[in-house]
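Based on the hints, put chains B and C in the right spot on chain A.
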Amino acid sequence: MITIIDLNIGNIGSVVNMIKHVGGNCKVSSDPAEIKAATKLILPGVGSFDKAMNQLRNNKLEEVINEKATLQKTPLLGICLGMQLLTSSSEEGKEKGLGLIPAETLSFKKTFDVKEINERIPHMGWNDIRVEQENDLTKNLIESSRFYFVHSYYVKCSNKENCLMTSNYGFDFASAIVKNNVFGVQFHPEKSHKYGKKVISNFVKL
Amino acid sequence: MLRKRIIPCLLLQNESLVKTIRFKKPSYIGDVINTVRIFNELEVDELILLDIKATTSKTEPNFELLKDIASECFMPLAYGGGIKNLEQAKKIIEIGFEKVIINSGAYSSNDLITQIADELGNQCVIGSLDVKKSFLGNYVVYSNSGNQKEKINPFQWAKELESLGAGEIMITSITQEGTWNGFDVELIEKITKQVNVPVIAHGGAGSSKDIEEVFCLNVNAAAVGSMLVYQKKGMGVLVNVNNLKR
Amino acid sequence: MNLEKNKEINLKVCTRCIYDEHVDQITFNQYGVCNYCLQVDDLIEMYGTANPKGRATFEAYIAEIKSAGKRKKYDVIVGVSGGTDSSFMLHLAIKEGLRPLAVHYDNTWNTAIATQNIQKITDTLNVDLYTYVVDNKEADDIFKAFLYSGVSEIEASTDLALAEVMYRAASKFNVKYIFEGHSFIEEGITPLGKNYFDGKYIKEIHKRYGKYPMKTYPLMTFSRFIYWTVFKRIKKIRPFWYIDYNKENAKNFLKKEFNWEYYGGHHLENRMTAFCHSFYFPNKFKVDYRNNTLSAEVRNKKTTREEALKIYNTPPYIEENLLQYFKKRLSLSDEEFESIMNQPLRYWYEFPTYKKFFERLRPLFFLLAKANLVPMSFYLKYCFPTK
Chain A
1 MITIIDLNIG NIGSVVNMIK HVGGNCKVSS DPAEIKAATK LILPGVGSFD
51 KAMNQLRNNK LEEVINEKAT LQKTPLLGIC LGMQLLTSSS EEGKEKGLGL
101 IPAETLSFKK TFDVKEINER IPHMGWNDIR VEQENDLTKN LIESSRFYFV
151 HSYYVKCSNK ENCLMTSNYG FDFASAIVKN NVFGVQFHPE KSHKYGKKVI
201 SNFVKL
Chain B
1 MLRKRIIPCL LLQNESLVKT IRFKKPSYIG DVINTVRIFN ELEVDELILL
51 DIKATTSKTE PNFELLKDIA SECFMPLAYG GGIKNLEQAK KIIEIGFEKV
101 IINSGAYSSN DLITQIADEL GNQCVIGSLD VKKSFLGNYV VYSNSGNQKE
151 KINPFQWAKE LESLGAGEIM ITSITQEGTW NGFDVELIEK ITKQVNVPVI
201 AHGGAGSSKD IEEVFCLNVN AAAVGSMLVY QKKGMGVLVN VNNLKR
Chain C
1 MNLEKNKEIN LKVCTRCIYD EHVDQITFNQ YGVCNYCLQV DDLIEMYGTA
51 NPKGRATFEA YIAEIKSAGK RKKYDVIVGV SGGTDSSFML HLAIKEGLRP
101 LAVHYDNTWN TAIATQNIQK ITDTLNVDLY TYVVDNKEAD DIFKAFLYSG
151 VSEIEASTDL ALAEVMYRAA SKFNVKYIFE GHSFIEEGIT PLGKNYFDGK
201 YIKEIHKRYG KYPMKTYPLM TFSRFIYWTV FKRIKKIRPF WYIDYNKENA
251 KNFLKKEFNW EYYGGHHLEN RMTAFCHSFY FPNKFKVDYR NNTLSAEVRN
301 KKTTREEALK IYNTPPYIEE NLLQYFKKRL SLSDEEFESI MNQPLRYWYE
351 FPTYKKFFER LRPLFFLLAK ANLVPMSFYL KYCFPTK
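Chain order of the listed sequences is A, B and C. This note's numbering numbers the first residue of the first sequence as 1 and each following residue consecutively. This note's numbering numbers the first residue of the second sequence as 1 and each following residue consecutively. This note's numbering numbers the first residue of the third sequence as 1 and each following residue consecutively.
Just to be clear, a hint being listed does not mean it is correct.
[As the list claims (entries may be wrong)] Simulated pairs of lysine-lysine, DSS-like, Cα-Cα distance not exceeding 25 angstroms: (1) A:K20 / A:K73; (2) C:K95 / C:K73; (3) B:K67 / C:K328; (4) B:K193 / A:K115.
[Said to hold, decoys possible] So the derived list for chain B, only partly shown, Cβ under 8 angstroms to chain A, looks like this: (5) R5; (6) E94; (7) P198; (8) N220.
Derived by calculation from the structure, the hints in this document are not laboratory data. A virtual CB, placed ideally from N, CA and C, is assigned to each residue, including glycine.
So that you can see chain A by itself, here it is in the shape it has in the complex (with noise of 0.2 angstroms):
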């Protein structure tokens, strides 16, 4: 059962109505117990890296996920604050990550000021990626696949082979990325129409 962590963020409805859509099941659940039960995860997330990492800690998420993911190797799936979470750091807060995927979260605004880009922000809207390798999240998407993009920090990997799609906002930034079983997405599949769709349609089906 692919269970979806709740934060008790922002809204989880829209997930599961589009794994609903794609003929998966899915359950909502901030129960430790129930998330070690769970043959797949999602951690969706809107709002503050802080207020989530603290939220996870104080349901004793942290650990839970972390065995899951990497003994476990039960596949993972982070949606936009999701994917930042999976991080190491991130410079919208002073909490560590949880450090699946060996990337830092940065912040636009910084890095635009350095850059000299003048690009407003929250980088806001439908964007274009770039597929960087094949896998079993990427497989079939659809040509010239486009996706909802809401956010003002983005993800920076350490390692090429982590970075599983890139997209061009002032510059090139990781719009997907990878660690063996843990995956993340800075976009919003269940907002992206069927573009999403392929995407929420290749993890159920993992």
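Quick look at chains B and C alone, frame taken from chain A:
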């Protein structure tokens, strides 16, 4: 490359969809759930739903209806109308909307936008302002669905909304709304230059040329009403996206 | 869904089309050909369909329409739904040099394909569109009333409303002609008996089972009907009764010329009719109206009896999550929906209708039919007693 968004803007009145001209004379468009379903089928970029009576009649957002609407969509949704506190905003986000639109609510309590932005992130809040162009060419801000004049000028107010925490600014020209005569380009250009967050232009789109024109002003999105619910100007109701190609 | 159609042993099936003995008021001649096939033959003979006689009649109507329409903004009303027949009819009107007004009745259950099709065609042909949108709460209340009543004619409110709205548009713009897209060749004649509707029937069902007052719903009462036909003298012409019309060819033409899209089946461009034809009728009433169009295709030699029977014996196409949407729109719980599906069947003749009126006024309607003020098929169906 980030694309500019074209967003259908639907007006809700007592569970039905209506369309106004200059915020007046609402005429019936149809069933909101079916219309939203059609727009989802047509794969629109995003959808804005505004309850035009909620603030003036002091009613709460219709959460049941919003739930039904959210379950029809696989694209981002924004809702505005009668949101007065953080609890309501949270509930709307939990139901399945990406963003809440705060307009009248910001004048009475400056805190509202900041509270929502702090709790849910500033990308969840659109700060919205409705503006009339007076006979002499002055811009005046109105709240309460165009019924109440506000003392602040739109350029200051837009900046204020941004500093309060709005992740996007939506500018509606009351004077142009529903007329098919084009956006108020002067107003939009000026405000867009003042803020650093994405801007949604709204009110008056009559053709794809109008939309192109406003995109050249560096707005991030164009919210469109009449063009998407009528066959053409002065003609019958027809939910469509073909007018965007004219 | 398990229909067991035509799997019955010794089920009598027409040797020409695929209507079987379950079809109301069907009879077979010594060659096993059903009365409906013969009726179509008679109509083809009468109207000269797809031959010079029909063409000549049609051209005469065109001339009449043009003449009556001089100095008016529009000369003919064309009802549009986004479907094949009405879309093609609009093209036909323009091709013949007419100045049509497209009229659409929005029952608030349109699909995107329907609205896009209407837009594409009216836009390309530069035709104005007049839409009547009924209040969604009222429309749904009427639909629900029909569901709760147990009768089958849920579509009645939409069909009759479109007819009334076309008359209103015609009257508003002083147009004397309405084009209707019915084709007895492509659709056959709907068998008499089980299905019936008129304004009184709709009003009665709504009165007994509805909740909201009927304010925006355009009800065609008997007096309105007489007003439009006898006093306003608005004529109804059915082009496909005269000219050579082939649905498949029409679809291909529309796709090519207008980028028009097909929606998968007759009446499936609207979700309410899709629910009726794909689910409600087959499951509750054990009736599959695809036999109409399939029989027509067999009669026209567009498909073989075997092919048609094969299609007829597979369950109808139903859009993904249509039932869920249906229940959501009408606020029906799963239990309520089940109980509606399982409640006893009821029939139109158990309720007050105008039927007796129509029968008593048969001579009048005969004259009106001859003058094209009411369709001949109306006369044949409504003015004779049913067994």
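Taking the hints in turn, this is what the structure says about them:
1. A:K20 / A:K73: holds (24 angstroms)
2. C:K95 / C:K73: With a Cα-Cα distance of about 17 angstroms, the restraint between C:K95 and C:K73 holds, given a limit of 25 angstroms.
3. B:K67 / C:K328: holds (11 angstroms)
4. B:K193 / A:K115: Holds: B:K193 and A:K115 sit about 21 angstroms apart, inside 25 angstroms.
5. R5: holds (5 angstroms)
6. E94: holds (5 angstroms)
7. P198: holds (5 angstroms)
8. N220: B:N220 check passes; min Cβ-Cβ to chain A is 6 angstroms, inside 8 angstroms.
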